[in-house]
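Trainee: Line order of the protein sequences matches chains A and B.
Letter 31 of the first sequence, counting from 1, is numbered 31 in our numbering, and no numbers are missing.
Just remember that our numbering sits 1000 ahead of the position in the second sequence, which is counted from 1.
Treat the hints as calculated values from the structure; they're not laboratory data.
Treat each hint with caution, since some may be false.
[As the list claims (entries may be wrong)] What the simulated footprint calls covered on chain A by chain B, stretch by stretch (three residues with Cβ under 8 Å from a Cβ of chain B suffice, anywhere in the stretch; the number is not a length):
| no. | stretch |
| --- | --- |
| 1 | 313-319 |
| 2 | 324-334 |
[As the list claims (entries may be wrong)] Simulated DEER-style distance windows between Cβ atoms:
| no. | chain 1 | residue 1 | chain 2 | residue 2 | range |
| --- | --- | --- | --- | --- | --- |
| 3 | A | 197 | B | 1037 | 38 to 48 Å |
| 4 | A | 274 | B | 1034 | 34 to 44 Å |
| 5 | B | 1006 | A | 274 | 14 to 24 Å |
| 6 | B | 1012 | A | 71 | 49 to 59 Å |
| 7 | B | 1012 | A | 296 | 25 to 35 Å |
| 8 | A | 183 | B | 1005 | 22 to 32 Å |
| 9 | A | 194 | B | 1066 | 49 to 59 Å |
[As the list claims (entries may be wrong)] Capping the alpha-carbon separation at 27 Å, the derived lysine-lysine pairs in DSSO-like fashion look like this:
| no. | chain 1 | residue 1 | chain 2 | residue 2 |
| --- | --- | --- | --- | --- |
| 10 | B | 1089 | A | 341 |
| 11 | A | 322 | B | 1066 |
| 12 | A | 322 | B | 1089 |
| 13 | B | 1045 | A | 322 |
| 14 | B | 1045 | A | 341 |
| 15 | A | 78 | A | 252 |
| 16 | A | 322 | B | 1053 |
Even glycine gets a Cβ: it sits at the ideal position worked out from N, Cα and C.
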Amino acid sequence: MPYYITKTGLDAFDTARAWGLAVVVNVLTEDEVVLRHEDWAFIVNPLMPVPNSTIASSLAWRTLIFEQGWQRVFMTAKGGWSGKRDQAKQIVQQQISPLLTNLQNPANTVALGTGESLPGGLDPTGFKGLRHATRGRYQEGQLEVPEEHWALACLGMSTCGTYRYAKEAGQTNWLVLLPVPQKVRFSYFRDVQDLFRLSGLRRYHGVQNAAAHYAVQLAERLCRRAAAQGSLQDRYAAVLYFRLFGAGQQTKPAQGNQLRLELLMEAIAQDPHRTQPMLEWLDYCFRLGSTKGAEDLALAATELVMRWDLDAYDRLVRILVKYQAQGRIKGDHLPETRTVKEVMSHVSL
Amino acid sequence: MSASNELSQVFSNPAVREFGATLRRSLRMNDDYASILDLEFAETKESFAEALKRFLRRFEGLARRKNLRRPTQESLEEMTRLVDQYGVKLVRAALISHALVRGGREEEEQMVQQTESQVLQASTVNSTEGGSQL
Chain A
1 MPYYITKTGL DAFDTARAWG LAVVVNVLTE DEVVLRHEDW AFIVNPLMPV PNSTIASSLA
61 WRTLIFEQGW QRVFMTAKGG WSGKRDQAKQ IVQQQISPLL TNLQNPANTV ALGTGESLPG
121 GLDPTGFKGL RHATRGRYQE GQLEVPEEHW ALACLGMSTC GTYRYAKEAG QTNWLVLLPV
181 PQKVRFSYFR DVQDLFRLSG LRRYHGVQNA AAHYAVQLAE RLCRRAAAQG SLQDRYAAVL
241 YFRLFGAGQQ TKPAQGNQLR LELLMEAIAQ DPHRTQPMLE WLDYCFRLGS TKGAEDLALA
301 ATELVMRWDL DAYDRLVRIL VKYQAQGRIK GDHLPETRTV KEVMSHVSL
Chain B
1001 MSASNELSQV FSNPAVREFG ATLRRSLRMN DDYASILDLE FAETKESFAE ALKRFLRRFE
1061 GLARRKNLRR PTQESLEEMT RLVDQYGVKL VRAALISHAL VRGGREEEEQ MVQQTESQVL
1121 QASTVNSTEG GSQL
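Next comes chain A alone, as it looks inside the complex (with noise of 0.2 Å):
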């Protein structure tokens, strides 16, 4: 039987819910679980009916409290995380009949404007607009969702979404990032979580260039398995990403979006040992990038991940032959014909 997280418009609250969904319902089955994406909604569906035994008994499901991610989804309630942390767990507890049961409607909604106040973290549309007194006496309260959701929301964040620290020009950033499922088949959620556990760089210029690393750390992930398994098993449409920065005492939101996967998806599904080099030369650009000295190689690599474009990827072998007219890269380094010639097969003029 399915279960339907019917969009909202918050994409990052979506998503956290599709996650957290089926965090929840391969915690209760002890099964494969399928998420798929759809325009409308995600569809959770299992492949064995959730029993009615409490989620609580579950040894997986008390595991969950020591995920890290706790802290960072709650970054802007400052020390009060880990009761936010008790009080999501204790929502799914208690709720999660009465929610599955709504879940199963295709048609069901969700009431947004009362609950609990959706936290900056999960989803920068979370935060409040004007904070400073105005002649127009503007005022704008938090944005509230209704508990259920928002626990399923908290949970999947935590578990599924990455935070990355940078520290630019003396500010702290967290550079948030929640790939978005396309088509995705788990028998264990942790499976799922140490896939997204990858290593960042030590310095990124910007949050769009995390974002472009993770998709490419991602992407050659997938190829790896792909090329063992024979094909691309799981699909990711997108990776969602946002900053928050400390501003004086509070964190606040500043530029996201979201970088579809389409083209790297389809690059792997069509032959993983041709494009195995290409995600790897392009990782080394990444890494190569974040050393000082080499903002431009490191922006230049991000354009051609977001943007597959003839300008984007004359701007990135123009700065690579200088680099390596330079002596900073090495011989081993270098890519090889092929991998270019696959690099350029994906690039639209």
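Based on the hints, put chain B in the right spot on chain A.
Mentor: Relative to the frame of chain A, chain B by itself:
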């Protein structure tokens, strides 16, 4: 987004391959950083032709010293035709891509042959000098 293979076609063109390999040699054996800059700033067909001319002039010295093969007249004409057909940006991207890739076996063999001929030349000179001393 429609992935195009025009760039791949230009990249695989024999004339671009020949010029690209020459640029690669020039870059690795002669530190010809200036040609890369010239190509980078070439926006129009005329400035691209000018950049190629300057590159060939710089390469000429290296080719004479190390007895390297120069691009042919036909290749140069083909490059001009490609620029007319596809524009500067696409041809430049394909050309510079050749300069970036790892050198092929042919190039390595050529470089080894050159080194061997240099060693032979040096040994010939030494033996001649040794002979005159006797």
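Trainee: Sort out which numbered hints this structure fails and list those numbers smallest first.
Mentor: none
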